[in-house]
Amino acid sequence: MEVIVKYVIYASFAANIICATWVAINVVGWVKSLNKKD
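Position 15 of the sequence shown, counted from 1, bears residue number 301 in this note's numbering, the numbering being contiguous throughout.
Calculated from the structure, these hints are not laboratory results. Check before you lean on any hint, since a few could be wrong.
As the list claims (entries may be wrong) - Taking CB as the label site, the calculated pair distances span:
(1) E288 / W308: 23 to 33 Å
(2) I290 / N312: 30 to 40 Å
(3) K323 / N302: 26 to 36 Å
Even for Gly, the Cβ is constructed at its ideal location relative to N, Cα and C.
Build out the structure end to end from the sequences listed, making use of the hints.
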């Protein structure tokens, strides 16, 4: 059971990193598109 809990914690941690990275990439792309319009 303890091993399963560890994997769940690692999986959720990895998912948070992936989500944060995806959001950061989208924000950077959005800012770049705004700068191009100006």
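Of the hints stated earlier, which fail here? Of the numbered hints given earlier, the structure breaks none, since each of them holds.
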